[in-house]
Amino acid sequence: MSQSIPGVRRAIVTGGASGIGQAVVHRLLVSPGTHVLFTYNSGAATAAALVERYGERCSGYRLDLSSLDAVQAFLATLDPAEPPHVLVNCAGALGDGLAFGDIRDRLTLVTTVNYLAPASIAAAVAKLMASERRGHIVNITSVSARKPNLGNAVYGSSKIALERFTATLALEMARFKVRAVCIAPAFVDTPMFRGFAGKDPEQFIRTHVPMREILQPEDVAATVAGFVDGHIRTTGITLTLANGELVF
Amino acid sequence: MEATQIASIAANVLYLAGPEAIDRSKSLFTDYGMSSLDFVDLAFEVRAASSKQFQPEALWPVNSMMTNPDLFAGGTWTEAGSRELAKLFDGHAELPGDLSPSSLHALFSVAYIEHRLRAL
Chain A
220 MSQSIPGVRR
230 AIVTGGASGI
240 GQAVVHRLLV
250 SPGTHVLFTY
260 NSGAATAAAL
270 VERYGERCSG
280 YRLDLSSLDA
290 VQAFLATLDP
300 AEPPHVLVNC
310 AGALGDGLAF
320 GDIRDRLTLV
330 TTVNYLAPAS
340 IAAAVAKLMA
350 SERRGHIVNI
360 TSVSARKPNL
370 GNAVYGSSKI
380 ALERFTATLA
390 LEMARFKVRA
400 VCIAPAFVDT
410 PMFRGFAGKD
420 PEQFIRTHVP
430 MREILQPEDV
440 AATVAGFVDG
450 HIRTTGITLT
460 LANGELVF
Chain B
1485 MEATQIASIA
1495 ANVLYLAGPE
1505 AIDRSKSLFT
1515 DYGMSSLDFV
1525 DLAFEVRAAS
1535 SKQFQPEALW
1545 PVNSMMTNPD
1555 LFAGGTWTEA
1565 GSRELAKLFD
1575 GHAELPGDLS
1585 PSSLHALFSV
1595 AYIEHRLRAL
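Heads up: the sequence lines are chains A and B, in that order.
Position in the first sequence (from 1) plus 219 gives the number in the working numbering.
Position in the second sequence (from 1) plus 1484 gives the number in the working numbering.
Everything labelled a hint here was simulated from the structure, so no lab data went into it.
Check the hints yourself; a few may be wrong.
Derived EDC-like pairs (lysine to aspartate or glutamate); straight-line CA-CA distance at most 16 Å [what the hints assert, rightly or not]: (1) B:Lys1536 / A:Asp419; (2) B:Lys1536 / B:Glu1598; (3) A:Lys346 / B:Glu1529; (4) A:Lys346 / B:Asp1522; (5) A:Lys346 / B:Glu1541; (6) A:Lys396 / B:Asp1522.
The whole structure should be built from the sequences, with the hints applied where relevant.
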């Protein structure tokens, strides 16, 4: 992380080299006083391009979230004397498949990447933020947490686990002035969506999305920015972003 | 760091009127209902006021000691664990005959914190 400079806002973004995470990195770095440390697993070329574009305000850390030992090693690199001001957990794994049969490998991987790892990171960073009596934590979840579909048992359950964890974390962190929320997007135009939507994503959108358009990563990033910049004053809630996919 | 300052911080965390509302020899856990969240709050405030660097757990290391099988195993303190406890409270208080968590919690007072800070 950057050396302590007065007025610098330090942000950590997991999954910063693709999709929503990359959009969040760009959005946060619009503010000249923000320094971002992002993690990535694949996408080394994108990671390098980000660092080159933003120079010393941006650094990347290769982190495999499927390994909690690797997560602990990453957390050990954080300097308690310079706690982050912002944490955005964007990284995720899909792992769609039927919910019956031997699902252990998929269950372990997706639960670790989508719940255990971000929860561990949020817990560790929250403690650092609490000592400074300030901070914003965003965990990116999904409408799949509340909308069962064929094949999304593992993914959806991992996301609602993270929402439940974040709710209690927010309660505990409230007295330390640390805010924590989840943002649950519906379909977002990312490589994950394109892989999910099949051969004709446009047809998929027409049949599954009432507004007939899906979110862009920048839409999610703008909401993240609205929260961490203090324009959305809340904590402990899950904010759904959707184009009609989840209305009740 | 003086006991009055510690008591003032504790009173603030516990929403008590002031340091005079706290008996420095009484347990903040058992006599004043301090929760684990209150403890973290107190530890951060004491750390900032004392200008010492320590993790909150270091102020009351009993909990982490109880997760160390070399010190606490099978629901009881080992010989090494008993020695560590004696060292922790040496110069502050005699250890109770019953070393259960609830008995030890009774020792977490403003006076204990003043004693502990000298060692940190």
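Tested hints:
1. B:Lys1536 / A:Asp419: With a Cα-Cα distance of about 61 Å, the restraint between Lys1536 of chain B and Asp419 of chain A is violated, given a limit of 16 Å.
2. B:Lys1536 / B:Glu1598: 13 Å, holds
3. A:Lys346 / B:Glu1529: At roughly 14 Å apart (the allowed maximum being 16 Å), Glu1529 of chain B and Lys346 of chain A satisfy the hint.
4. A:Lys346 / B:Asp1522: Status holds; Cα separation ~14 Å.
5. A:Lys346 / B:Glu1541: This hinted pair holds, its Cα atoms lying about 12 Å apart.
6. A:Lys396 / B:Asp1522: The given pair, whose Cα atoms are some 14 Å apart, holds under the 16 Å limit.
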